[in-house]
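Asks: Chain residues, written in single-letter form:
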Amino acid sequence: MPLYRERSSTPVANDGVVPVPLADWLRQRNGSAVSLANTDDADGLQPHVAGLTLITLHFPKFSDGRAYSQARILRERLGYRGELRAVGNVLQDQLPFLLRCGFDSFESEQKGFGEALIKARTLFSVVYQPTKDGRPTASQLRLTGRVMLAAAE
Amino acid sequence: MPDTHFYRYDEYDRRLVAERVEQFRDQVRRRLAGELTEEQFKPLRLTNGLYLQLHAYMLRIAIPYGTLSSRQLRKLAEISRKYDRGYGHFTTRQNLQLHWIKLEQAPDAIAALAEVDMHSIQTSGNCVRNTTADHFAGAAADEIEDPRVWCEIVRQWSTLHPEFSFLPRKFKIAITGSPNDRAAVRVHDIGLRLWRNNDGEAGFEVIVGGGLGRTPMIGKTLREFLPKDELLAYLEATLRVYNRYGRRDNLFKARIKILVHEIGAEKMRKEVEAEYESMKDSALKLSLETIEAIAQQFAPPPLRPKLERVPEVEALKLEDRNFALWLKSNVAPHRVPGHAIVTASLKPAGAPPGDCSAAQMEGVADIADAYSFSEIRVSHEQNLVLPHVALEDLPAVWRALGRLGFAEANVGKITDIIACPGLDYCALANARSIPVAQRISNHFAAIARQHDIGDLKIKISGCINACGHHHVGHIGILGVDKNGVELYQISLGGDVDFGRTALGTILGPAVPADKVVESVDALVATYLEARTDGERFVDTYRRIGVQPFKDRVYAAL
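So the protein lines, in turn, are chains E and W. Take the position in the first sequence, starting the count at 1, then add 99; the result is the number in the working numbering. Take the position in the second sequence, starting the count at 1, then add 16; the result is the number in the working numbering.
These are calculated hints, taken from the structure and not from any lab test. Among the hints, a few may not be true.
In silico PhoX-like pairs for lysine-lysine, Cα to Cα no more than 20 Å straight-line [claimed, not checked]:
#  : chain 1 : residue 1 : chain 2 : residue 2
1  : W       : K58       : W       : K118
2  : W       : K118      : W       : K91
3  : W       : K58       : E       : K210
4  : W       : K236      : W       : K283
5  : W       : K296      : E       : K231
6  : W       : K186      : E       : K160
7  : W       : K283      : W       : K269
8  : W       : K186      : W       : K58
9  : W       : K58       : E       : K160
10 : W       : K236      : W       : K269
11 : W       : K269      : W       : K186
12 : E       : K231      : W       : K301
13 : W       : K244      : W       : K301
14 : W       : K244      : W       : K296
15 : W       : K333      : W       : K344
16 : W       : K269      : E       : K160
17 : W       : K186      : W       : K236
18 : E       : K210      : E       : K160
Computed Cβ-Cβ distance ranges for the label pairs, DEER-style [as the list claims (entries may be wrong)]:
#  : chain 1 : residue 1 : chain 2 : residue 2 : range
19 : E       : L102      : W       : E308      : 42 to 50 Å
20 : W       : N213      : E       : A250      : 35 to 43 Å
21 : E       : G150      : W       : T231      : 44 to 52 Å
Given the structure is predicted, the values throughout are model-derived calculations rather than measurements. Beta carbons: idealized from backbone N, C-alpha and C, even for Gly.
Input sequences plus hints: build the corresponding full structure.
Replies: This is the structure in structure tokens:
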């Protein structure tokens, strides 16, 4: 399955790390790569995230959105900083959402996925929801705008 | 552009909608080029409001909190002429549907909407849908606060939400700011009711897990009082719990009401509160400046109190019975003395409920410019509302609406029927809804008789998905298909009034299409004989029960 990383329009080499399913990993703690089913409780990784380098989240169908919540829990609540990979049925039209939720690598068979990945971050120049992707929301920008206006006066 | 008294897009809103149009244009191009399969394209078109129906594509246009400017309504007329057949259908979610759209023209139609700061984003699909509100918001005499401020805050938060765009199922939020609930908040996925506590502070009662459809349920209160600035954190927490635990194995059990039902309100509350704890002090907390900046845009128009008795109105009342009846049923009290809220009935005798031609849209826009600060509302009862009319202008407004066919004095009466599009358009329907509504409407057309019968809500759905809200009709009518024959199941006693919200009780075996009018007639006759002074149909039903109605209907068949 072709693997893409942010800012790469062509597939990158898969370094061959095979992530261990969560339940097994919690028992054995082998390696630093874990794969979660989308029914797994991401909060269960709370004490361990600092030592992990790769977590894969699964989209059995692109229309099954549970992994978006898992991603935000990992990034925002648990502070996970390693690689967060979307696997399964991953299509280019999900990319703006995936990026905002904190995914930074993607397995996809879809033609044109790499080109779409390059464009996805700028497809929407405005966002309304605060996530940990670092983008200021429209209402934050409005407030700054008003502060700047007030300062100018 | 005339000054509006509701939210105006700024550069951010406008840019996002424009970028969305371009994204959709590219998706349609890829579909037409065969790069996307229909299965892949379907959720993309749905989140842009484009359905594939029996005969053509249908475009569902969002009318946030049911509020429109005259300029926007004129644009809707233009779009319906250019890309459709010159008319549209106002829905129970305060939206407008165009039923004859061509796929290759859909991006242009959506681009035309963007010209007047409108869109069709998330009017379908398994995401947060258009948030609805009391259609009298900002004008009603009984209002605590304008709920549209919060609808707009929810609109922005829910638009292209990165986490909640692929939920188990669709998600509908309604907000009311009045003790008299005109937004049906107990039958939504989330209903929010603004109220004031003993300290005089306004906050939300948060009601979760209500809904109609094939498993109708009344929502449960998860929070009695939520501080207003914590609204988004609480919504995000609720949606996250739903996204994680809502069922995805069975389409018919995927709504949040099933989750709440299966795990119980107590467990649901615990899960939501636990999520909320980790979110409430985050960037989701609304700053006072943000709330104020949006609230300012909903500042009411500058109405000065006027005399409550206008000689011309009093004279016409005596002169013309229809005007007198219209004042009673179609005109509601405004919070500024000397003003009124006027409902334009989109239900003249025999008309399909909610249908409106392009010329009628333009006519209503003209009336709004002349008499209602260029503002129009869409009600979930599929009528249009002129929210700010001076009493002295009522005769002129009545005459002007009459010329459009929208001055029928039947608001809240037996012919003010809610009906879904049904089998005439919809691929899901089992039976037709509109012709049934039309027959009832023609049968009870006499206005004086309608006023004698009094308040009576008939709601018709063409299938168990209940888009016509039949569960909460005083008389509910549900179309079913039995071996290729359209039959109609009748229920009694449904209600959406706050504190009295109830689901109807099924009367008995379904009746054939040609017996629906007779059955309704028998129900009405039973009521007229049994009622006591001032008792509405639904009150009589509650007092005497289903049996007398049932006996009469089935004896007549």
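Asks: If a hint holds in the structure, say so; if it doesn't, say that too.
Replies: Results of checking the hints against the structure:
1. K58/W to K118/W: Distance of about 15 Å is within 20 Å: holds.
2. K118/W to K91/W: holds (18 Å)
3. K58/W to K210/E: holds (18 Å)
4. K236/W to K283/W: holds (12 Å)
5. K296/W to K231/E: Distance of about 15 Å is within 20 Å: holds.
6. K186/W to K160/E: With Cα atoms ~17 Å apart, K186/W and K160/E stay inside 20 Å; holds.
7. K283/W to K269/W: With Cα atoms ~18 Å apart, K283/W and K269/W stay inside 20 Å; holds.
8. K186/W to K58/W: holds (14 Å)
9. K58/W to K160/E: The hint holds at about 13 Å.
10. K236/W to K269/W: holds (17 Å)
11. K269/W to K186/W: Since the Cα atoms of K269/W and K186/W sit roughly 12 Å apart, the hinted pair holds (cutoff 20 Å).
12. K231/E to K301/W: holds (15 Å)
13. K244/W to K301/W: holds (9 Å)
14. K244/W to K296/W: Since the Cα atoms of K244/W and K296/W sit roughly 12 Å apart, the hinted pair holds (cutoff 20 Å).
15. K333/W to K344/W: holds (10 Å)
16. K269/W to K160/E: holds (18 Å)
17. K186/W to K236/W: Given that 20 Å is the threshold and the Cα spacing comes to 18 Å, the pair holds.
18. K210/E to K160/E: holds (17 Å)
19. L102/E to E308/W: 42 to 50 Å: At 47 Å between Cβs, range holds.
20. N213/W to A250/E: 35 to 43 Å: holds (38 Å)
21. G150/E to T231/W: 44 to 52 Å: holds (45 Å)
In the structure shown, no violation is registered for any of the earlier numbered hints.
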